[in-house]
Structures are given as structure tokens and as C-alpha cells.
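With chain A held as given, fit chain B onto it using these hints.
This is what each chain is made of:
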Amino acid sequence: MENKVLEIINKIREAKNLQPVSELQITDNLREDLELTSFDLAELTVNLEDEYDIDIFEDGLVNTVGEIYKKLQN
Amino acid sequence: MAIFLIDNTREYSYEMLVDRINQHRNYYPLFKSSDLFSYFENIVKAIITNQSLVLIDSDLNPSELDDLDESKVNESVSLGEYYFSNIDQVISALKESKSEITIFTSGTTGQPKKVIHSINSLTRVVRIGEKYKNNIWAYAYNPTHMAGLQVFFQAFVNNNTLVNVFNDSRSEVYQKISKYQVTHISATPTFYRLLLPFEKSYRCVQRVTFGGEKSDNRLYENILMIFPEAKINNVYASTEAGSLFAAKGDNFQISESNKDKFKVVDDELLIHKSLLGKSESFKFEGDYYHSGDLIEWVDKGEGIFKFKSRKNELINIGGYKVNPIEVEDVINEIVGVRQSLVYGKANSVLGNILIAEVQLSGDIILSDLDIRKILKSKLQDFKIPRKIKFVDSFSLTRTGKIKRS
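One line per chain: the protein sequences are A and B, in this order. Counting in the numbering used here, the first sequence runs from 1 upward without gaps. Counting in the numbering used here, the second sequence runs from 1001 upward without gaps.
It cannot be assumed that every hint is accurate.
Residues on chain A that point at chain B, a partial pick, calculated with CB under 8 Å [as the list claims (entries may be wrong)]:
| no. | residue |
| --- | --- |
| 1 | GLU14 |
| 2 | ALA15 |
| 3 | PRO20 |
| 4 | LEU36 |
| 5 | SER38 |
| 6 | PHE39 |
| 7 | GLU43 |
| 8 | THR45 |
| 9 | VAL46 |
| 10 | TYR52 |
| 11 | ASP55 |
| 12 | GLU58 |
The list that follows gives simulated cross-link-like pairs (lysine-lysine, PhoX-like), each with its CA atoms no further than 20 Å apart [said to hold, decoys possible]:
| no. | chain 1 | residue 1 | chain 2 | residue 2 |
| --- | --- | --- | --- | --- |
| 13 | B | LYS1231 | B | LYS1131 |
| 14 | A | LYS11 | B | LYS1278 |
| 15 | B | LYS1389 | A | LYS11 |
| 16 | A | LYS11 | B | LYS1376 |
| 17 | B | LYS1387 | A | LYS16 |
| 18 | B | LYS1383 | B | LYS1373 |
| 19 | B | LYS1300 | B | LYS1259 |
| 20 | B | LYS1387 | A | LYS4 |
| 21 | B | LYS1114 | B | LYS1278 |
| 22 | A | LYS4 | B | LYS1113 |
| 23 | A | LYS16 | B | LYS1376 |
| 24 | A | LYS11 | B | LYS1383 |
| 25 | A | LYS16 | B | LYS1131 |
| 26 | B | LYS1378 | A | LYS16 |
| 27 | A | LYS16 | B | LYS1114 |
Which bits of chain B does chain A cover? Going by a derived footprint, with three or more residues having C-beta under 8 Å, they are [unchecked claim]:
| no. | stretch |
| --- | --- |
| 28 | 1320-1326 |
| 29 | 1346-1352 |
No lab work stands behind these hints, which were simulated from the structure alone. Glycine included, C-beta positions come from ideal geometry on N, C-alpha and C.
Isolated chain A (complex conformation) (with noise of 0.2 Å):
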């Protein structure tokens, strides 16, 4: 699951020209440190709820990679 979420980062940072990053810290901040605008989370959500079925952003925010490793356990 990490895995595929570093994966779906990567490639949503690979779109906006960024680097791709080599592994994602439960503690990296999506906006702050992994510099994901609004349609990027919203892409983001897309491409996990057809991965997982699970809208992570559905009860409110998420802000940590941290907090979406949560949302998908659940």
C-alpha cells in the first residue's frame, strides 16, 4: 500500500514538472512538504478511491501522509 501511494504522489508531482521523491515520512505534510495544491489532493483522491474504494478526504482533512496510511487501513 505505501508502495502504491508513493507511487501515485510521484506521479502527480512527475505532472507538475517536481522530482519525484524517494520515499514519502509519515509525518511529510501534503501541501507543505510534499507541495500538492488542492486539485493535486483531489487528483490524489481519485486515484486512491479506484485503488481502494476509500475516499480518504470524505470526513474531513487529511494533512499528513500519515493520516491517508490511516484512512486506508480502516
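Just chain B now, with coordinates in the frame of chain A:
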């Protein structure tokens, strides 16, 4: 005797049609048939004897329509005595008919709506004369809908031949164009895209008409390679109003005589009720009907305008309004893309997220990122689909437009 219809390999002359009309003096007010000749025979009989008629699709399940009595489908009604000695008499009777024809919207979205038309409103833009005399039409529309009726009447009153190509494959269409030396084609952009890519040119085709959906310049260019002798035009025909304007290129013109029958409010085209059929589903503001079509003036004084999009098609992406047609146009311009469909999907972050389904042509290899990179140089960021799905085909409505779910 002129050929009226070629369907599959069968040929029907106008003489056969007159004979059938005289021999069988009955008709079906609610006729469901997949046989095109019987279908046209029924329409013509109803019209020339001033009967009313409801047109339903051959594959329609009556439960799809609210107020349709299933037991009445294909119930025959006697027409009494009449005799037509030739096709000219039939055509004269047709032109003066007081019949009311009920048709249904195909709806790229939503439930079909019922609209009642007079023969007058259905034949408003039909042209008759020497120069229309020897036309051979590829019949590419569903015959129960407005565009199909327009082509039928145009061909019929000029004793033209109709060659049925509706729902045919690419190779079948080409084979028929060549075999029957088709001169005129009127169809949706979706139909013309089916004919790509260019392999061989067909010089017999003189006129290519686009209708129903928005097309793009690249499609025009490709079609002109296939039909190098053809003149291209657009037609605006709606179930509600029939044909209202003809056009050159992407533009349409409101005629001088109809000038007071249109208004434009907030870019939306409003049509005066006198130009419309009758329907309970129409909502009027004063005497005007909201068409839902957004337009842009090219030359207001001359009444020349172009269509931008459908009003309800705008998608709200995080507060930005996106016109999916505009995005589709840009995607369709990319070399290797045959056709695309752009739509919004509910999303908890932005309200909606933009998705594109893309059909590639032939063995072209393009990735979703390739497409997004190309779009980046042409569109603002919020208009770029965040997900691109590659598809083999699109589902079509009964009139051959791409279905927007």
C-alpha cells in the same frame, strides 16, 4: 423509376412505395419497426392522409417513456378510401398535410421528452428544385429523431435516393458510398470520426453536413481529405424546434425574417414559441423558450453567431466553471486522438474533478502524462483533466451522439 431507398442490399423504388400506399390502406399510429421501408411507408401514409403519428425507436422499451400505452404499439388503423396515381401526388399531399407528428428527445442526459410537430415545422428548411434533383444520400441518422426526419423530407420531396448507413461499420459505410456513388452525407461528428483515419478519397461526395454535436477543425480537415470535392456545412436542428439555421463553417446566421424570433440573454439563445413544436416540458419566459445553448456573436448586426456549449454542461471544479466541450476540442486536436469525452466526477476536495475518456486512433502510443503535458501548453490548469482513461469505444445515444451520463 427513381430509387427511393436502399437498405441492406434491398432496393425500393418510388413506384413501389406508391403501390404499397395504394394497396394497404391502413397505418400504425404508434409504429415500432426495424424495417426502414415499412417505417417510411407508415410515415408517408399517415402524413398524406392527415393522421397523427408517434415516432418511437425500434429498440425502445415502452417503459422508458412515461405516458406511452404499450398495448397500442403496432395496432393498425384503417384509413378509408384514397388513391394516389404517382409520387408527385403523394408529395403534394405531404406538403399540405395537417398531420401532427410526436417525437421524443434522445437526451444526451435525462429522460426523453415528448414534442409534437406540424409538417410545416418539420419541413421548414427543406429545399426543392432542379439542383437538388439527383442527390444520393447516405442516411446516417436514426429515422425517428429530428435530424433523421430532416434528411428524409429533404430527400423525399426531391425524389432522391436514401442509402441506409445508420449503425454501419466503417468499411460498410465506405463500401456503400462507393457502390451507390453517394453525393450527400448528413451526420453527427461522431459518425464522421468513425470514418478516420484517411486512407482513400471519395470524389462522388459533394456535400458533407455536420449536426448534433460540436465538431472541430481537425475533423473538418480530415473529412475534406476523404471527400475532397465536398462542401462542408453545419446544421442546427433540435427536437424542440427542428432546423432553424444553416451555417458556413462554425457560424450560424439568423435570417432577416426571423430576427424578432430570437433573443440572447446571458449568452443563452432564446427561441420564440412560434418556431417550436408543442410540449408540456417546455418552460417559457414570456413568449420565449430557453434553448440551453450558449452562443457568441460573430457579427451581431448580421445575426451571425457561433455555439459555445450547452448551459447545463458547465462543470464546477473547485469554484471554476469548466466547459467540457472546450477541453474536448483541445484534446481532439492532439495527433493520435480520435475522440474524447470530458466530464466531472464528484470529489470531496473540489466538489468535482475533471475526467477525460480518450479514444486513440490506430496504433498510436500516448500516455496520460503525455496528453496532460500537451494540454498544459494550451489550457489553464483548472481545465486540465486530472484523470485520463483510455477507452476502446464510447456509448452512443439513439441518435448517435456520445452519451453524457
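Hints, one by one, checked against the model:
| no. | hint | in the structure |
| --- | --- | --- |
| 1 | GLU14 | holds (6 Å) |
| 2 | ALA15 | holds (5 Å) |
| 3 | PRO20 | violated (13 Å) |
| 4 | LEU36 | violated (10 Å) |
| 5 | SER38 | holds (6 Å) |
| 6 | PHE39 | holds (7 Å) |
| 7 | GLU43 | holds (4 Å) |
| 8 | THR45 | holds (6 Å) |
| 9 | VAL46 | holds (5 Å) |
| 10 | TYR52 | violated (14 Å) |
| 11 | ASP55 | holds (5 Å) |
| 12 | GLU58 | holds (5 Å) |
| 13 | B:LYS1231 - B:LYS1131 | holds (15 Å) |
| 14 | A:LYS11 - B:LYS1278 | violated (53 Å) |
| 15 | B:LYS1389 - A:LYS11 | holds (15 Å) |
| 16 | A:LYS11 - B:LYS1376 | holds (15 Å) |
| 17 | B:LYS1387 - A:LYS16 | holds (14 Å) |
| 18 | B:LYS1383 - B:LYS1373 | holds (13 Å) |
| 19 | B:LYS1300 - B:LYS1259 | holds (11 Å) |
| 20 | B:LYS1387 - A:LYS4 | holds (16 Å) |
| 21 | B:LYS1114 - B:LYS1278 | holds (9 Å) |
| 22 | A:LYS4 - B:LYS1113 | violated (46 Å) |
| 23 | A:LYS16 - B:LYS1376 | holds (10 Å) |
| 24 | A:LYS11 - B:LYS1383 | holds (19 Å) |
| 25 | A:LYS16 - B:LYS1131 | violated (57 Å) |
| 26 | B:LYS1378 - A:LYS16 | holds (15 Å) |
| 27 | A:LYS16 - B:LYS1114 | violated (48 Å) |
| 28 | 1320-1326 | violated (count 0) |
| 29 | 1346-1352 | holds (count 4) |
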